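As you go down the protein sequences, you meet chains C and U in turn. Take 1 as the starting number for the first sequence in full-length UniProt numbering and just add one per residue. Take 1 as the starting number for the second sequence in full-length UniProt numbering and just add one per residue.
FYI, nobody ran anything at the bench for these hints, they're computed from the structure. Please read these numbers as outputs of a predicted model, since none were measured by experiment. Hints are supplied without guarantee of correctness; some may be wrong.
All copies of an identical chain are treated as equivalent in the list; a pair is satisfied when it fits inside any one copy or across any two copies.
Below, simulated DSS-like cross-link-like pairs (lysine-lysine); rule was C-alpha separation at most 27 Å, straight line [to be verified]:
{"id": "1", "residue 1": "Lys404", "residue 2": "Lys297"}
{"id": "2", "residue 1": "Lys125", "residue 2": "Lys404"}
{"id": "3", "residue 1": "Lys220", "residue 2": "Lys404"}
{"id": "4", "residue 1": "Lys219", "residue 2": "Lys41"}
{"id": "5", "residue 1": "Lys41", "residue 2": "Lys200"}
{"id": "6", "residue 1": "Lys328", "residue 2": "Lys399"}
{"id": "7", "residue 1": "Lys297", "residue 2": "Lys156"}
{"id": "8", "residue 1": "Lys374", "residue 2": "Lys95"}
{"id": "9", "residue 1": "Lys297", "residue 2": "Lys219"}
{"id": "10", "residue 1": "Lys220", "residue 2": "Lys181"}
{"id": "11", "residue 1": "Lys156", "residue 2": "Lys219"}
{"id": "12", "residue 1": "Lys328", "residue 2": "Lys133"}
2 protein chains.
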Amino acid sequence: MMFEVKTVKETFGIIEDNFSDYDLDGEWVGIHEALDRVVCKDIIANEDMPPFNRSSVDGYCVVAADTFGVSEAMPAQLKLVGEVGMGEKPGFAIKRGESAYVPTGGQLPSGADAMVMMEYSEDFKDGDIFLNKPAAPGNHIVYKGDDVKEGTLVIKKGRRLRAQDIAILAGLGYEKVKVYKKLKIGIISTGDEVIGIGDKPEGAQIRDINTYSIDSLSKKMGMEPVRFGIVKDVYDDIEKVVNESLESCDITVVSGGSSVGTKDVTVKVIESLGKPGVLLHGIAVKPGKPTILGKAKGKAVIGLPGHPASAFMIFQVFVSRLAKTMEKSGDGLHPFVEATVDINYPSNNGREEYLAVSLREGKDRCIASPVFGKSGMISLMTQADGFVHISRGSEGLNKGQKVKVNLF
Amino acid sequence: MMFEVKTVKETFGIIEDNFSDYDLDGEWVGIHEALDRVVCKDIIANEDMPPFNRSSVDGYCVVAADTFGVSEAMPAQLKLVGEVGMGEKPGFAIKRGESAYVPTGGQLPSGADAMVMMEYSEDFKDGDIFLNKPAAPGNHIVYKGDDVKEGTLVIKKGRRLRAQDIAILAGLGYEKVKVYKKLKIGIISTGDEVIGIGDKPEGAQIRDINTYSIDSLSKKMGMEPVRFGIVKDVYDDIEKVVNESLESCDITVVSGGSSVGTKDVTVKVIESLGKPGVLLHGIAVKPGKPTILGKAKGKAVIGLPGHPASAFMIFQVFVSRLAKTMEKSGDGLHPFVEATVDINYPSNNGREEYLAVSLREGKDRCIASPVFGKSGMISLMTQADGFVHISRGSEGLNKGQKVKVNLF
């Protein structure tokens, strides 16, 4: 079966069409364990926040009308009828001509409709308080429900929870939150030349870098990696491990050896697993053209290039897209840095390119340098801080041009 | 004892002076557990990478001189003396007039000094190979040690490990890496009005938001939080829990109730713990002026404002700085977004300000909107995506101005 190479846009479309309705279970977790988890249903406020009218300053509550027109020369003289303690429900109300002390965060007694800050008061300890600044109704008060009204949407389904989201959940009294289970991703390395990282290479063997870079990237993206280790370039062996991974994992990633033979075996295995099988074979992108995406038993199977730097970039761009689609977490911000390119970089016409760059702080800007070296160098990955997307048909980058650097 | 309010710069200086020599133990962890951990000693390559001369293409190895001047019209005719398998050590050498097939990643036979790509060859299966493109010595070869030379610095002490760093460790055969133990941070909430998040507020009680936002932020920053819960505004109670936290934690954070009394108690407790005690009380910054930093038993104790949004911002700016200083992880990139402000925002002269903003994608730029609302609103935190630093003496922000937004 022959496959046409797909553009990046077509690839994203194939991911959307095939995996946006992926059925991922939810689970309840304590909010102290919910950081970076994806909420699987809208969270609605079940009460008002604050649940009472609250002062936002230390000072005196008043009926605002009592302070209209007052000044330092002519302060309002009000009867002090009480003091509100932190966390206490005031045991009294105030009316015209009266006032009471309320601390920041304290509850306003009924009858009061404004606060006058401490620094505009004088207390001669004779039972009265003198206030020398006028207040409009509502001054320095957060009314019940001002912050969050009962029934409003607080956190939308698909949000990856940040510390500030967990704060509002705590404030509203949620001890637990329902989130999607972490996507499980099975990682398989293939190649007759690939050996374990603890082994000493003999001849031209190379250590299994991909298992570890993909393991780390998966965690960074909020997935739960399962490492299946190294498999020889043998159809039956690869098929067996891919099936094992499909049993328990939502995504299976096979990073091929760099030999032509290995790639064929991965395609054949994906084809053998049932419909629809291989969805695409080859993306018009540099690096990483020989990427494979398949679907079997409703789950995703990916063939990545064997070369570590290519596998890394393809994972960043396409597997992260796939994961976000499967867990419906579309609305996050993707951190990037705007930087100035320090050299001319001609592009490959006709296919998009993801160019690794290193970043440094310039005098008044951030500077991006494309990371160069001989093809196949691993150390280039470590020098890179992020990547620049160069679109098809672009002439490349010009020295001094501003670019958006997506951070690794 | 009276304290002068410090500027942000002075505060960073105090942190540097007091905690840059903090003694944090190291531990060995498997590289699959090392993501986001801070390396505590320089990592030097203990071997060459690659450990052999490697082809970066599928093709034929040659003595380059045999191809000088060849063309499609006049190809070089070389004797095929063998084929190198993936991962294998070639069992033969080549000399002038000879060639052999080598796959991408395969080892070059001795004698060969260049590769000619497959597509420039013709094989009539008669024992000879015809090559129609000249190659210069070194073409398509990654020499032994080209990627990383034995003895070179691969990862510097203080680096927070990223996936691409773990990749190179795998490639060099490191199964484990020595990293600093995670900083342990004790979290204490104080305030008579503060109740647990599972409790229903009575009167004007408020739920303990700070424990959960600080817990999540600490994890995000790579620390290991220990939650000590809520303590009443009583000297003995706070002293007891702070001492308990000091026993096991590197940093202790006390977020005060918003009452004036609470703040005094935290200062007194820090003073009581021994020298040097309180290092600063008050930073000229908005929000969060009433921040306290102390040192006792060699460890850091911090008093944060009780208001969740203020505590959150102070933690982002100052506690993260403290943590980086204590674990010597200075060299990381801090993700930010360059955005255009959509309104005029006048600043407070004389103190620096950290202004929370929300971000949205505009037509051809990213737009930052200051997050406004009544003082004390929690929902503002959730709307915010990051913050803008407004320096002292600045007039504030002008509509259309470009700003650097540090992401939460």
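Hints versus structure:
1. Taking CA atoms no more than 27 Å apart as the test, Lys404 paired with Lys297 passes in neither setting, with 38 Å inside one copy and 46 Å between copies.
2. In this homomeric assembly, Lys125 and Lys404 never come within 27 Å of each other (Cα to Cα): the closest approach is 64 Å inside a single copy and 51 Å across copies.
3. When the C-alpha separation of Lys220 and Lys404 is checked against a cutoff of 27 Å, the pair qualifies both within a copy, at 21 Å, and between copies, at 24 Å.
4. For the homomeric pair Lys219 and Lys41, the shortest alpha-carbon distances inside one copy (23 Å) and between copies (24 Å) are both at most 27 Å.
5. Within a single copy, Lys41 and Lys200 get their C-alpha atoms only as close as 50 Å, which misses the 27 Å cut-off; across copies the closest is 23 Å, which meets it.
6. Proximity of Lys328 to Lys399 under the C-alpha cut-off of 27 Å is found in neither arrangement, the shortest distances being 38 Å within a copy and 35 Å between copies.
7. Proximity of Lys297 to Lys156 under the C-alpha cut-off of 27 Å is found in neither arrangement, the shortest distances being 30 Å within a copy and 45 Å between copies.
8. In this assembly of identical chains, Lys374 and Lys95 lie within 27 Å of each other by CA distance solely across copies; the values are 25 Å between and 82 Å within a copy.
9. Taking identical chains as interchangeable, the C-alpha atoms of Lys297 and Lys219 lie at most 27 Å apart only when both belong to the same chain, with a minimum of 24 Å there against 36 Å between chains.
10. Both within a single protomer and between protomers do Lys220 and Lys181 lie at most 27 Å apart by alpha-carbon distance, with minima of 15 Å and 20 Å respectively.
11. For the homomeric pair Lys156 and Lys219, the shortest alpha-carbon distances inside one copy (23 Å) and between copies (23 Å) are both at most 27 Å.
12. Taking CA atoms no more than 27 Å apart as the test, Lys328 paired with Lys133 passes in neither setting, with 53 Å inside one copy and 51 Å between copies.
Going down the numbered hints, you'll see the structure goes against 1, 2, 6, 7, 12, while the others check out.
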